[in-house]
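*Asks:* Given chain A's structure and the hints, the job is docking chains B, C and D onto it.
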Amino acid sequence: MSVIQCENIEKKFRKKKALQNITFQIEDEKITGLVGRNGTGKTTLLRILAGFTKQTSGTVTVFDKTPFNNLFVSANSILINDQMQFPGSFNLQDILNYATEFYGKWDAELAARLLQYFRLNPQSYHSDLSKGMKNTFNFIFGLATRCDVTLFDEPINGMDEAVRKDVYRALLKDYLAYPRTIIISSHFLDEMEHLLEDILLLDEGKVALHKSLDELREYAVGLLGPTEAIKRWTAGLEVLHEKQVVSNQMYTVLKAQDCTFNEQQLLQEGIAFMPVSANDLCLYLTNSRTGDIDDVFNE
Amino acid sequence: MTNFGILSILFLLLIIFIVVLFIKSMSKHMRLNQRPLKIFIAFYTTVLIIAPIIYLVLPKTEVTILTDKMQKKLSLENQMLYNALFENKTAEFDEKFLVNEWSREIKEKEIFLKMMNPEEGSQVGIIVQQSDALSNQITGKLYRKNYFVEEIHLRNFDSVNINIVDTLNEPIITWEDATTLVVKNPPNKKLSFVSVSDATDIIAFNNEDSRKNESTVVKIKEWEYAGPYYLLITVPKNIKVWSDEGLRIYK
Amino acid sequence: MSLTNKTFAETLQVQVKFKLHAYLGMIVYLIMVQIVGILMSLMGPTGMSSVSSFIDINAEMYTPTVLIFLSNLWAFYVGLLMTRHDQRADIMPFVSTRIMSSIGDVVVLVALAVYAGITAMLSNYVVRIVILLKSNKHMLSDENMFSAPEVFIENLVAFIFFILCFAAVGYFLGMIAQKSKKVLFIIVAVFFSMLFTSFGQEILLGTIKIAQFGLFSFMGVMIILSASCFIVATFLAGNLEVKG
Amino acid sequence: MQLNSDGTKPIYVQIAEWLENEIIADHLKTDDKVYSQYQLAELFNINPATAGKGLTLLLEEQIVYKKRGLGMFVTAEAKKMILEKRRNERLTLMIQEIVLEAKRLMVSEDELITLIKRASSKEEGK
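Going line by line, the protein sequences match chains A, B, C and D.
The working numbering numbers the first residue of the first sequence as 1 and each following residue consecutively.
The working numbering numbers the first residue of the second sequence as 1 and each following residue consecutively.
The working numbering numbers the first residue of the third sequence as 1 and each following residue consecutively.
The working numbering numbers the first residue of the fourth sequence as 1 and each following residue consecutively.
Bear in mind the hints are in silico, worked out from the structure with no lab data behind them.
Don't take each hint at face value.
Claimed, not checked - Simulated pairs of lysine-lysine, PhoX-like, Cα-Cα distance not exceeding 20 angstroms: (1) Lys-80(D) x Lys-66(D); (2) Lys-9(D) x Lys-211(A); (3) Lys-60(B) x Lys-182(C); (4) Lys-6(C) x Lys-190(B); (5) Lys-54(A) x Lys-134(C); (6) Lys-80(D) x Lys-255(A); (7) Lys-15(A) x Lys-137(C); (8) Lys-65(A) x Lys-6(C).
Excised from the complex, chain A in its bound form (with noise of 0.2 angstroms):
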């Protein structure tokens, strides 16, 4: 069953189109990464799927329903984001304490406990916080209102190391014990790409790949050797990167399925088939295919 579905999805600020031509559809119980560049409309995509902003065409349910101001939407999703604001009047316990009220899955000991583990104070305040430990912070509200559809926009900007590794442990773990629909975007792909399921990558504003993370992993073929061999195996093939190594040797990534040559063939052409990681290919795939930031010095 799909709980997210979007169907043409577009949305204009004033003139400029931040989403176009989105259609996915996400299903119960996923963990998916929202992945593309700054300024691809990931946020604005996750906004509309929380019902805080309207799509100017096309369709999105969540739960079946239309989330913006839809009360039901609202009260079993939650998007977690670092603008997360709280009245300046509330400690942490107190906002925990209303969350008690709102949520009604929340689970007030989990958000004790991992208040505690973090050492967060329940007494300080939201707006007194560094923006490692507000994000913190937030991510635990998050994961304690166990909400069905749980929406991270950057969650772990500005925490240091240990705290990434304990959130991405504290993620798996509830999740494994409260399985949920659950998308991430973050920049930090590799750093979390084994809790991922799926994969959603947008580049400039559109969908450009929707797959699982091990189709992904075996998306693409890396070939790595003399440029005059590879360019003779890779004519008339989509190349999704290439990059001149040295003089005389270069590096092309191809999409696996075009890749039907003799393996023995190539490497007897002194070239090499090299995996390319998820985080690599999500960068080739929406890199502008006209050369990478060496070719801008190299002029």
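*Replies:* Below, chains B, C and D alone, put in the same frame as chain A:
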């Protein structure tokens, strides 16, 4: 009315602006926590709830507001006193109106009456009476009649009249030398009245009675004879009485 | 998947509680404004004096006018403040819809108006106590909630609606401002131009006259004004996105 | 136990290999219950779906079997099959390398086979 209305609305908007700025600057400096907030609010609210009870039990000096009937009666008394003064029948009024009494032996055959600050208008009416006695004894009696403040208009209230006789200062009567009697107006007296109400004129509903507030004045009733005091001086026939203002002398 | 399904009323109840707590700071501002009002009442009572040759008569009048006036300004400000983005965002981590949040705001404003009205009326008694303690003045007329409860209640009810109306106007203007600064400018400009044209003045004065017919017509005018402000604002809020 | 997440091998394959190692090391014997996908997920800090995929891989190779509602269990031939599979894989790989090297050194196929036969007989003669 309309111009005034516009001005008052503009003034109101100006004050709104100032108050908003004030609160804004205040909110930047304040850190408001739940607990102290609640305690503060509870304290303030309690004080306010207790305030009316405290107000109720506090001692107050209330004034008697005269009804028309009372005022008529008091005026009648004044009239009777006035008549009595000229007929030498004051004895029955002594108890109520007599405030001071004195007598003095003089050697000379004449006395002078002198009014101080007559330009302010004398608050004391002087009545000189000759007696048949052949002594050198002069007696003086100071009477104070009922005296009203009339027509105190306060906003939504009807005008009210009050007998303020008890609160006035007495005139000063002294002998300058052996034969000169000086009568000085009573020292200035300040009277403060307060009225309190739960009603305001912002929401003064179209109630005819409460709309008499066009002119807010306090008037002190002018009597046919100026001032609230009479000084009755009784002199033996053999003594002559003189005054710069001139005198009528009654037998 | 087991989904929580709370009713609108249940959630609204929690939300009102939440907002009341979140706006405790506003009550403190109200208290401060009222303390200023008490001081202003004590400094400049409405009164007059008359001087005769030997008696100076001074008569003073103490009413809650200043307090009501200041409470109204406060209410206007709170209404305005509630529509600000950061105030509306406070509820977003919790369960809400925009319309519910707006309805919650209205309920909270009504509660605050009731509190403000009662405290403004009671503040006048603090003024009275101070006057009595300061000097023993002659009480010309002592109209209080025990001697004239009908006056107290009539004015209290009227004030609550009066304050609520200010809050509603603030809320309405604030919501317009969130939606479009241009429209706000137009509305304010129309209001001011009404002040300077005879037709506009007639409308305004007519409204004031109707309101002055008595408690019920006053309440009627206030309710119509407040309700229309709130309804339009809620409608606007329903379509308003939370900017981020 | 740390997984290699640099992308060289899909995680589910690594999970399957780890389970195979457990079987070879006799930590899991015939008809023993295999870790559930949730246990694996927690153990390796990975998404349970990935862990499930690792188990499916073993199921397909009939190294484990499924009892409805009870979980996965090690089959009787599991160890044997794993050993066989690894043997095949490794030998294939080595032979591939030998062939490639022989080509570089210009050793003909016949010569190579002779070399292998000689090495084999030497081994037997021991």
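*Asks:* Which of the numbered hints are not met once you compare them with the structure shown?
*Replies:* Hints 3, 4, 5, 6, 7 are the ones this structure does not satisfy, whereas the remaining hints hold.
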